[in-house]
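Colleague: Letter by letter, the chains look like this.
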Amino acid sequence: MTEALLKVENLRKSFGGVLATDNLSLAVETGQIHAVIGPNGAGKTTMIAQLAGALSSDSGRVLFDGEDISALAPPARSRRGIARTFQITSIFYEFTALENVALAVQAHDGHSFRFWREVRNEGRLTDPAQAALETVGLAGRANIVARNLSHGEHRQLEIAMALATKPKLLLLDEPMAGMGAEETQEMVSILKRLKGDHTILLIEHDMDAVFALADKITVLVYGNSIASGTPDEIRANEEVRTAYLGEEGTAN
Amino acid sequence: MVDPHLLFEQLFNGIQYGILLFLLAAGLTLVFGIMDLMNLAHGSLYMLGAYIAATVTLAADSFLLGIAVALPATLFVGILLEVIVLRKLYDRGHLDQVLATFGMILFFNELVRLIWGPAGIEVPLPVVLNASLTLFDIPLPVYRILVIGVGLAVAAFLYVLVVKTKVGMLIRAGASNREMVGALGIDIKKVFTLVFGLGAALAALAGVMAGPIFAATIGMGENILIQVLVVIVIGGIGSIRGAFVGALLIGVIEILGRSFLDDLFKLFLPVNAAETAAPAAASMLIYILMAGVLFFRPQGLFPARSG
Amino acid sequence: MSLSRETIVVIITFALLAIVPFIASLTEVPFYLDLGRRMMILAIGALSLNLIMGYGGMISFGHAVFVGIGAYVVGICAEHEIVSGFIQWPLALIVCAAFAFIFGAISLRTRGVYFIMITLALAQMMYFLGVSLDRYGGDDGLPLIEPSNFSGLIDLSEKTSLYYLVFVLLLLCLWICKRLVNSRFGMVIQGARSNEARMQAIGFPTYRYQLTAFVIAGAMAGLAGVLLANHTDFVNPDMMHWTRSGDLIIMVLLGGMGSLAGPVVGALVFILLEEALSGITEYWQLIFGPFLILVVLFARGGLLGFLEKRKTSEGEGD
Numbered sequence: 001m002t003e004a005l006l007k008v009e010n011l012r013k014s015f016g017g018v019l020a021t022d023n024l025s026l027a028v029e030t031g032q033i034h035a036v037i038g039p040n041g042a043g044k045t046t047m048i049a050q051l052a053g054a055l056s057s058d059s060g061r062v063l064f065d066g067e068d069i070s071a072l073a074p075p076a077r078s079r080r081g082i083a084r085t086f087q088i089t090s091i092f093y094e095f096t097a098l099e100n101v102a103l104a105v106q107a108h109d110g111h112s113f114r115f116w117r118e119v120r121n122e123g124r125l126t127d128p129a130q131a132a133l134e135t136v137g138l139a140g141r142a143n144i145v146a147r148n149l150s151h152g153e154h155r156q157l158e159i160a161m162a163l164a165t166k167p168k169l170l171l172l173d174e175p176m177a178g179m180g181a182e183e184t185q186e187m188v189s190i191l192k193r194l195k196g197d198h199t200i201l202l203i204e205h206d207m208d209a210v211f212a213l214a215d216k217i218t219v220l221v222y223g224n225s226i227a228s229g230t231p232d233e234i235r236a237n238e239e240v241r242t243a244y245l246g247e248e249g250t251a252n
Numbered sequence: 001m002v003d004p005h006l007l008f009e010q011l012f013n014g015i016q017y018g019i020l021l022f023l024l025a026a027g028l029t030l031v032f033g034i035m036d037l038m039n040l041a042h043g044s045l046y047m048l049g050a051y052i053a054a055t056v057t058l059a060a061d062s063f064l065l066g067i068a069v070a071l072p073a074t075l076f077v078g079i080l081l082e083v084i085v086l087r088k089l090y091d092r093g094h095l096d097q098v099l100a101t102f103g104m105i106l107f108f109n110e111l112v113r114l115i116w117g118p119a120g121i122e123v124p125l126p127v128v129l130n131a132s133l134t135l136f137d138i139p140l141p142v143y144r145i146l147v148i149g150v151g152l153a154v155a156a157f158l159y160v161l162v163v164k165t166k167v168g169m170l171i172r173a174g175a176s177n178r179e180m181v182g183a184l185g186i187d188i189k190k191v192f193t194l195v196f197g198l199g200a201a202l203a204a205l206a207g208v209m210a211g212p213i214f215a216a217t218i219g220m221g222e223n224i225l226i227q228v229l230v231v232i233v234i235g236g237i238g239s240i241r242g243a244f245v246g247a248l249l250i251g252v253i254e255i256l257g258r259s260f261l262d263d264l265f266k267l268f269l270p271v272n273a274a275e276t277a278a279p280a281a282a283s284m285l286i287y288i289l290m291a292g293v294l295f296f297r298p299q300g301l302f303p304a305r306s307g
Numbered sequence: 001m002s003l004s005r006e007t008i009v010v011i012i013t014f015a016l017l018a019i020v021p022f023i024a025s026l027t028e029v030p031f032y033l034d035l036g037r038r039m040m041i042l043a044i045g046a047l048s049l050n051l052i053m054g055y056g057g058m059i060s061f062g063h064a065v066f067v068g069i070g071a072y073v074v075g076i077c078a079e080h081e082i083v084s085g086f087i088q089w090p091l092a093l094i095v096c097a098a099f100a101f102i103f104g105a106i107s108l109r110t111r112g113v114y115f116i117m118i119t120l121a122l123a124q125m126m127y128f129l130g131v132s133l134d135r136y137g138g139d140d141g142l143p144l145i146e147p148s149n150f151s152g153l154i155d156l157s158e159k160t161s162l163y164y165l166v167f168v169l170l171l172l173c174l175w176i177c178k179r180l181v182n183s184r185f186g187m188v189i190q191g192a193r194s195n196e197a198r199m200q201a202i203g204f205p206t207y208r209y210q211l212t213a214f215v216i217a218g219a220m221a222g223l224a225g226v227l228l229a230n231h232t233d234f235v236n237p238d239m240m241h242w243t244r245s246g247d248l249i250i251m252v253l254l255g256g257m258g259s260l261a262g263p264v265v266g267a268l269v270f271i272l273l274e275e276a277l278s279g280i281t282e283y284w285q286l287i288f289g290p291f292l293i294l295v296v297l298f299a300r301g302g303l304l305g306f307l308e309k310r311k312t313s314e315g316e317g318d
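Residue numbers (the numbering used here), protein chains in the order written: chain A, 1 to 252; chain B, 1 to 307; chain C, 1 to 318.
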């Protein structure tokens with residue numbers, strides 16, 4: 001068994017008395033796609049925010065690459081190799097697609113107290129950015145202002161930005177949210193391409209996609225992990241079937 | 001040594017000034033908290049209240065009549081402003097709000113200059129109120145006692161309104177969850193107009209009461225507005241309780257600082273240096289306090305949104 | 001490549017500004033020289049504000065405080081018989097940068113309305129400090145006995161020389177802004193305006209970059225203050241008053257926020273408008289106030305916004 005890249009121990013977060021994550025533990029192993037599924041309000045997005053450092057945890061620890069990163073702010077976690085995408089698209093709408101990604105490259109190319117040189121023609125930034133756009137299939141849309149891209153392209157751009165930070169771990173929060181069938185198919189094939197080279201923690205509602213991609217699945221209900229295992233184990237798990245998968249699970 | 005009599009008297013004046021600040025801060029903090037609207041022209045309503053009251057008081061020789069005219073008149077102007085301009089700014093950015101209300105300040109200051117001239121108006125106190133009570137050998141002007149009384153009554157009224165009534169529930173719901181109020185089918189526009197009108201009336205009340213103490217002058221609104229902003233920042237935007245505590249704190253510190261800082265400085269500075277440094281330091285005191293509060297509690301002492 | 005409309009506007013503007021001294025001497029109205037100089041000095045102030053407000057999204061309602069501090073450094077130096085510009089000017093910039101560092105460090109802990117109110121309050125604190133400084137004129141201000149002395153390099157008491165110095169410095173500031181905005185640093189502050197949470201998530205500790213931008217803008221506003229002191233031969237607390245900060249914001253907005261040369265055009269228009277309106281009536285703000293409200297309600301994007309479709313819409317039509 002490989003060493004876990006990310007270990008989450010007893011994570012807890014409450015909002016005014018309501019527990020969003022409750023004593024949550026899980027481990028993500030290097031090179032795997034680890035999917036987290038669960039009904040709405042199960043605390044999935046809260047968990048992502050806690051892992052990325054955007055929300056501080058009430059208790060519990062996050063260990064990344066053997067280091068306790070629980071107290072670190074988002075930029076510091078990003079520097080250690082954790083990249084996230086947002087459930088609600090979060091990009092720089094005024095910038096072009098290429099500028100969006102180039103900014104992510106820049107974030108990991110030393111400090112940015114560089115006041116004079118024009119950034120637009122810096123190959124150091126634009127070349128890797130263009131490559132990341134290519135990975136997600138947006139190479140031809142590089143110079144379009146992000147505001148004018150389609151919803152599906154926004155989701156792809158989010159992934160390209162995350163990739164551009166050369167992460168060890170990708171936290172993807174519902175990358176297929178709001179997508180049509182065709183766009184979802186496109187996203188699945190993008191994630192398949194990333195598999196192996198990247199370790200991914202994937203939150204997703206689309207069960208077809210989850211079972212097509214995941215090496216391991218954790219089921220979250222009321223902020224707590226009720227089951228964790230291979231897709232087959234999860235499919236066979238009675239508790240999960242009654243609690244969550246229901247008809248959808250058996251249909252697979 | 002500091003004269004305890006003087007200290008008590010100035011403490012009293014500080015509380016009275018704090019009450020004035022509270023009347024302004026209460027309306028402003030509700031408007032900020034509920035509508036997320038930055039209204040710099042709040043001070044203009046205060047000025048307008050003072051000028052109208054002063055004019056009527058002088059013309060009719062009746063302070064009461066002055067109040068009776070100034071409050072509804074200012075309320076009317078406030079609601080007019082809300083309906084014509086401010087309503088269009090609720091979903092705009094703060095910058096647009098700041099600029100538009102800044103434009104209003106320019107307009108009102110100039111309007112007042114046009115109507116009443118550049119000099120201020122001294123407002124005479126009614127004879128009944130022009131007396132003093134004596135407590136521990138210290139004379140306390142009846143009028144200032146009255147101001148404090150009115151302020152406390154308003155504070156109690158607002159507390160009951162916000163905490164106990166249905167309107168207050170709407171106000172609190174509006175502050176924390178605008179969509180929810182909309183979803184409940186409540187006409188949020190009416191709530192906003194109502195709250196803004198309430199704020200305008202309170203500002204006018206403060207202006208009316210300030211008239212006999214400071215006189216009505218052009219620019220009186222802006223000078224006090226800045227201190228009111230400090231009150232709100234310290235108290236926490238949207239919190240009536242924060243506005244009350246913040247206002248008394250700022251009022252007392254402001255007045256005591258101006259009166260006693262030189263005495264304090266003389267304890268450890270040469271007399272000359274103390275007399276130079278004290279006024280400068282006194283004018284900076286409340287801002288330093290604000291910076292200190294923000295450093296430890298960026299959301300103020302009583303952040304409204306977390307309860 | 002054809003010139004953009006903004007570039008054409010800039011060229012025309014500066015060409016006009018360049019010939020103002022000739023017009024002033026031809027028409028024998030020295031007031032034009034005075035007016036042009038004031039426009040350009042305020043344009044430097046507005047440019048610096050645009051850097052943090054237009055590009056950085058930091059709405060400072062206290063930016064004039066740095067203009068005032070810059071002016072006061074010159075005034076106080078002169079009062080103590082330090083008249084060398086080689087000392088006064090760098091000192092003014094350093095002092096302004098230091099104040100901007102402190103004020104920025106405090107205000108940038110907050111966002112939104114809080115940020116506006118705190119920058120306003122801190123600036124007003126300095127205003128009241130100026131008023132209470134009896135040693136340096138207090139409320140009445142401080143006359144500048146002689147302008148900054150550059151040991152024969154340039155004579156600032158010669159008003160045309162001062163005019164062209166301001167002209168060159170304005171161009172320099174515009175150029176600096178252009179480089180800054182298009183640099184890596186510029187991308188970071190623009191990114192933070194656009195989406196701060198995203199910036200943090202991709203690894204930028206945004207606070208330190210925003211603070212640096214605040215300091216740069218403070219120093220540049222300080223330069224405007226230094227020039228203003230030499231322009232008016234006078235320093236007073238009113239330069240720091242919050243309505244002066246409001247004026248700077250209006251200039252930025254009139255010209256078009258976040259466009260490079262917008263503030264320059266905005267400053268020019270603002271001063272012209274002020275002159276024109278106050279020529280019509282003594283109560284000119286009675287007109288200007290509602291005008292401002294109308295601009296906010298109906299003409300966002302400012303003048304350059306009218307002239308040129310915003311950069312953000314370039315990608316449309318695909």
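Bear in mind the hints are in silico, worked out from the structure with no lab data behind them.
Hints may be right or wrong, so weigh each one.
Per the computed footprint, the stretches of chain A lying under chain C, defined by three or more beta-carbons under 8 angstroms from a beta-carbon of chain C, are [what the hints assert, rightly or not]:
#1 69-76
#2 79-91
#3 94-103
#4 114-121
Glycine is no exception: its CB is placed at the ideal position from the N, C-alpha and C atoms.
Colleague: Each of the hints needs a verdict: does it hold here or not?
Modeller: Taking the hints in turn, this is what the structure says about them:
Under a criterion of three residues with beta carbons nearer than 8 angstroms to beta carbons of chain C, the stated coverage of the stretch 69-76 of chain A is upheld, 4 such residues being counted. Judged by the Cβ-Cβ criterion of 8 angstroms, the stretch 79-91 of chain A is covered by chain C as claimed, because 6 of its residues qualify and three suffice. Coverage of the stretch 94-103 of chain A by chain C holds in this model, with 6 residues showing a Cβ closer than 8 angstroms to a Cβ of that chain against a need of three. Remark: the stretch 114-121 of chain A is confirmed as covered by chain C, as 7 of its residues place a Cβ nearer than 8 angstroms to a Cβ of that chain, reaching the required three.
Violated hints for the displayed structure: none, as all numbered hints are satisfied.
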